[in-house]
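A.B. asks: Here are the chains, one letter per residue:
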Amino acid sequence: MDSFSSPSSAGSTASTEHLMEQIKAQLAQAYAQEFLETVGNKCFAKCVTKAGTSLSGSESSCISRCVDRYIEATGIVSRALFSSQR
Amino acid sequence: MENSAEMQRFIEQEQQKAMVSEMVGKLTSVCWDKCITSTPGSKFSSGETTCLTNCAQRFLDMSVIIAKRFEMQ
Numbered sequence: 001m002d003s004f005s006s007p008s009s010a011g012s013t014a015s016t017e018h019l020m021e022q023i024k025a026q027l028a029q030a031y032a033q034e035f036l037e038t039v040g041n042k043c044f045a046k047c048v049t050k051a052g053t054s055l056s057g058s059e060s061s062c063i064s065r066c067v068d069r070y071i072e073a074t075g076i077v078s079r080a081l082f083s084s085q086r
Numbered sequence: 001m002e003n004s005a006e007m008q009r010f011i012e013q014e015q016q017k018a019m020v021s022e023m024v025g026k027l028t029s030v031c032w033d034k035c036i037t038s039t040p041g042s043k044f045s046s047g048e049t050t051c052l053t054n055c056a057q058r059f060l061d062m063s064v065i066i067a068k069r070f071e072m073q
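Here the protein sequences come in this chain order: A and B. Going by full-length UniProt numbering, the first sequence opens with residue 1, and the numbers climb by one from there. Going by full-length UniProt numbering, the second sequence opens with residue 1, and the numbers climb by one from there.
Everything labelled a hint here was simulated from the structure, so no lab data went into it. All the given hints hold, so there is nothing to weed out.
Here are some chain A residues pointing at chain B (derived, C-beta under 10 Å):
1) N41
2) C47
3) R65
4) R69
5) E72
6) V77
7) L81
Result set (DSSO-like, lysine-lysine): computed pairs, CA atoms no more than 27 Å apart in a straight line:
8) B:K17 <-> B:K34
9) B:K17 <-> B:K68
10) B:K68 <-> B:K26
11) B:K26 <-> B:K43
12) B:K34 <-> A:K50
13) A:K24 <-> B:K17
14) A:K50 <-> B:K43
15) B:K34 <-> B:K68
16) A:K24 <-> B:K26
C-beta: ideal position from N, C-alpha, C; glycine also.
Using the sequences and the hints given, assemble the complete structure.
C.D. replies: Set out below in structure tokens:
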């Protein structure tokens, strides 16, 4: 992953656009990483109640439900904040 | 450097997005802890959905009150 290894020499407009694309890609990755970390912490707390030698079937299914619900909760919260002014 | 204005605008936009994203992330975390008390099911109950919505909006109300409280001093 060497996104900075191809410097554009096709003029400053192209390189500005290139740079903005790179920034966007890196930001997207950072957002995703942070989200994953949060979801992991929340769902571990909810679903893995007593860490055994392996994840049980019910823990695994809890985790996948938890991830879906956390994504849904994110949508509900952002709609509550930004749509339909109270 | 006629691109610096464009870049400036781009950075401001991304900063705005980052702020929004951070706020949504933080409120989701806070309200998840407050509202989702049982093991996550395959669907939110209507109580949970309402709680999440109310929680986010009340947090905003609270922020306003706190800001006002400091203005008064």
